[in-house]
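Each chain, written out:
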Amino acid sequence: MDFLQKLGHKTLSRFASLGRSTRMLIGALVNIPNPRKGTPLLIRQLYMIGHQSLLIIMVSGLFIGMVLALQGYTVLVGYGAEDSLGPLVALSLLRELGPVVTALLFAGRAGSALTAEIGLMKATEQLSSLEMMAIDPLKRVIAPRFWAGFISMPILALIFSAVAILGAHLVGVDWLGVDSGSFWSIMQAQVSFEKDILNGIIKSFVFALVVTWIALYKGYDCIPTSEGISKATTETVVHSSLAVLGFDFLLTAVMFSG
Amino acid sequence: MAKLAELDVESDLSQAIVEIKDVTFSRGEKTIYKNMSFSVPKGKITAIMGPSGIGKTTMLRLIGGQLKPDSGDILFEGASIPNMTRSALYDARKNMSMLFQSGALFTDMSVFDNVAFPLREHTKLSEELIRLVVLMKLQAVGLRGASELMPSELSGGMARRAALARAIALDPELIMYDEPFAGQDPISMGVLVKLIKSLNEVLGLSSLIVTHDVTEVLSIAEHVVIIAEQGVIGSGTAEEMLAHSSPLVQQFLQGLSDGPVPFHQPASPYEDALLTKGAR
Amino acid sequence: MNTRKIEILVGLFVALGVIAFAVLALKVANSGISGSGESYLLNAKFENIGSLKARAPIKVGGVVIGRVEGISIHPQEFVPVVNMKIDANYECQFSDTTSVSILTSGILGEQYLGISPVIASESARQSCLGNEAAGSSEADELDDLFGVDSKALKNGDMIADTKSALVLEELIGQFLFNQGGE
Chain P
1 MDFLQKLGHK TLSRFASLGR STRMLIGALV NIPNPRKGTP LLIRQLYMIG HQSLLIIMVS
61 GLFIGMVLAL QGYTVLVGYG AEDSLGPLVA LSLLRELGPV VTALLFAGRA GSALTAEIGL
121 MKATEQLSSL EMMAIDPLKR VIAPRFWAGF ISMPILALIF SAVAILGAHL VGVDWLGVDS
181 GSFWSIMQAQ VSFEKDILNG IIKSFVFALV VTWIALYKGY DCIPTSEGIS KATTETVVHS
241 SLAVLGFDFL LTAVMFSG
Chain H
1 MAKLAELDVE SDLSQAIVEI KDVTFSRGEK TIYKNMSFSV PKGKITAIMG PSGIGKTTML
61 RLIGGQLKPD SGDILFEGAS IPNMTRSALY DARKNMSMLF QSGALFTDMS VFDNVAFPLR
121 EHTKLSEELI RLVVLMKLQA VGLRGASELM PSELSGGMAR RAALARAIAL DPELIMYDEP
181 FAGQDPISMG VLVKLIKSLN EVLGLSSLIV THDVTEVLSI AEHVVIIAEQ GVIGSGTAEE
241 MLAHSSPLVQ QFLQGLSDGP VPFHQPASPY EDALLTKGAR
Chain G
1 MNTRKIEILV GLFVALGVIA FAVLALKVAN SGISGSGESY LLNAKFENIG SLKARAPIKV
61 GGVVIGRVEG ISIHPQEFVP VVNMKIDANY ECQFSDTTSV SILTSGILGE QYLGISPVIA
121 SESARQSCLG NEAAGSSEAD ELDDLFGVDS KALKNGDMIA DTKSALVLEE LIGQFLFNQG
181 GE
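Read top to bottom, the protein sequences are chains P, H and G. Using UniProt numbering, the first residue of the first sequence is number 1, and each one after it goes up by one. Using UniProt numbering, the first residue of the second sequence is number 1, and each one after it goes up by one. Using UniProt numbering, the first residue of the third sequence is number 1, and each one after it goes up by one.
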C-alpha cells in the first residue's frame, strides 16, 4: 500500500510539474512582446546567454575538432583511407557532436546561470514585486530569456561545428599531412546540405527549447531558499543533459535511420 | 471597550480602502484564517500585528491578489480582488504598492533605474520628466546622493528606503509594508517610522503595516488590528488596544513569554517523551 | 555596460553565427546547394546490389551526376530495383542502350553506380523531349532503315542493361569451382 501511494504521489507530482512548466512557457510566449520595450531586453539576454558563451563554445569546438582528427587519423591510416578524415569529422560534428556538445555546454554554462538568476530573483521577492507592480514576470523575465536561449543555441552550434572543422583541418592537414584538397573535396561529396546541416540545425533548435525551458522552469519553480536554489541549479544541469541525450537518440532515429 | 472598537470600525466602513469579509484561507491541510473580517480605513496608517508565523505576509498577498482565499471576499476600493479578471487585477495593482521585507530591488539596475522602473513601464513620460520624478522621490527618502549606486552597495536600511521610493513612484492609493522594521538598527528604524508617517501625511495615501514590532508601530498607527488564532482578536486605536481586556492581546503587546499563546509547541507530555525509548 | 556596447557584441555574435553557417553550407557541403536543382528519375533492375545504399553517388566517368534515391524489390520478379535521381541536364541525353554497373571505389570503399552512356540520336532526343514534329526527319528514317530502334531515356524509364555488384564470396566460389574443374 505504501509503495502504491508513493508511486501515485510521484506520478501526480510529476504531472503537476509538467503542467506548471507548460503553463509557464505558454504564459511567457502567448503575447507578442511590445517591440519597443521587448527588444532591449532580448538584446541584453542575447548578450548574457549567447555572446558570453562564445568563448567556451569556440575553445571546446577547436579542441574537439583536433581530437577527432587525431583519433580518426590513427584508425583511418591503417586502411589507407586517411583521405576520408574530412567526411568523418564533418559528419560526426554536423549530425551529432555539434548540436549535442553545444547543448551540454550550454546547459552547464547558461542554463545553470538562468536557473540561479531566476531562483534568486524569486528568493529576494523580485518576481513578486514585479507582479505587485502590475508587470507580468513571465513576460518581463521569462520570455526574453527563453527567446534568447532559443536563438543563441543553434548559432552557437553552428559556430562550434565550423570551428571544430577548422581545428580538424589544422591537425589533419597541417600537422598529420592529409592532402588539403582531398580533405575538403571528399567532405563536400559526402556532406549533404539538407540531410546533414539542416537536420543538425533542427536538432539544436529542439535542444535549445528543451534546455532553456528546463532551466527557466527550475528557477521559476524552485523553493526560494539557498538550498532550494542549489538543488534547482543541479537539477537543471542533470535533467537538461539527460533530456538532450534522450532527444538526440529520438531525433537521430527519425532523421538518419532511413 | 471591545464594543466601542467595533463601532469605530463600523463607522469607518464607508471610507475603507480595503475590506476583508469572512475570508477563509488554508495552505495545504493547515487553516491560516477562518472567517476573518476587518477593514483598512482610507488615508490612515493601519497596523496588522500578531505573533510571527500566523500569516501576516499571506494577508498582504491576498490583498494584492497573488493568492486567492478559499472563501469570502476582499474588496479594494469597492471592487472584489479575487473575482477580478487578470487585466482588471493588473490595473488595480497600479493603485497599490508593496514594500517587501527584503526590499526586492532589482539587482541588475542602479537605484535610479529601480525607482524609474515602474514609471518607464506604466507611463509614457519623457526621460527628462522621469528623471525629475525619480529625483523627487529619492529626495523624499533621503537617497538622492545614492542614485547611481547598485543595490548590492546599499545597507539594509538604505535598500528599504530605496524600495520605498520605488513603491511611491506611481503615487499609489495604498502602500503595504511587509515587516518594514525587521532587522533594522535603531537609527534606520527611526528613519523608517518618520518616513512612513510623513509620506502618509504628505501624499494622503493609506498605509497598511504588517509587523510585530509593537512599540514602533503603536507610535504611528491610527488603527490597529491584532491577528492570532486564525482570526482577528482585537481592533481599534492604539490606546484602545493597550487597554484591551483580552489576555491574548495583552500578552502580545507586552511581550510575555507565556500566556494564552503557549511557550511550548504542542507535544506529548515531557515525562513520556523522556522515559519512552526512541520517542522524539 | 552601456547599451551600445552590448548591441555591438550581440551583433558580433550573430555575425559569427552567419559566417559559420556560410562556411558549413558552402565549404563543407558544396554538393548540397548546387546539386539540389531539378532532377529526373530512372530505374534499373539488378540481380544483386551488393552493399549499395541510398544516397550513393551515380557517376559517369568518375563525375557525379546524381544519387541513388531508393532501393526496393520488384513486386513480381523479386529482384532489386534501384531508383536513380539524376541531374535534369542529362534528361533525354542517354540512349536506352546505356548500361549501369555497381562499382566499388577502392578496396574497402563505398559502392557507387557507374553509367557507361550511349549517346542518344538527335531524333530520339527530340521525340523524348516531346518535339514529335521536328523529329520526323531523314535521320529518323535512316535509323529505321538500319533497324536501330533506340529511344532516349526520360523520367521514369527503366535501364535494361545492368551489371550487378561483385560479391567476394561468389567470386571465390567461382574461382574454386574453376580450379576443381581443371
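Hints were generated in silico from the structure; no laboratory data involved. There could be a bad hint or two in this list.
Heads up, simulated DSS-like pairs for lysine-lysine below, C-alpha to C-alpha not over 25 Å straight-line [to be verified]: (1) Lys-154/G x Lys-85/G; (2) Lys-44/H x Lys-197/H; (3) Lys-27/G x Lys-163/G; (4) Lys-37/P x Lys-124/H; (5) Lys-85/G x Lys-195/P; (6) Lys-163/G x Lys-195/P.
Hints, one by one, checked against the model:
| no. | hint | result |
| --- | --- | --- |
| 1 | Lys-154/G x Lys-85/G | 12 Å, holds |
| 2 | Lys-44/H x Lys-197/H | 10 Å, holds |
| 3 | Lys-27/G x Lys-163/G | 35 Å, violated |
| 4 | Lys-37/P x Lys-124/H | 12 Å, holds |
| 5 | Lys-85/G x Lys-195/P | 16 Å, holds |
| 6 | Lys-163/G x Lys-195/P | 29 Å, violated |
Checked against the numbered hints above, the structure violates hints 3, 6; every other hint is satisfied.
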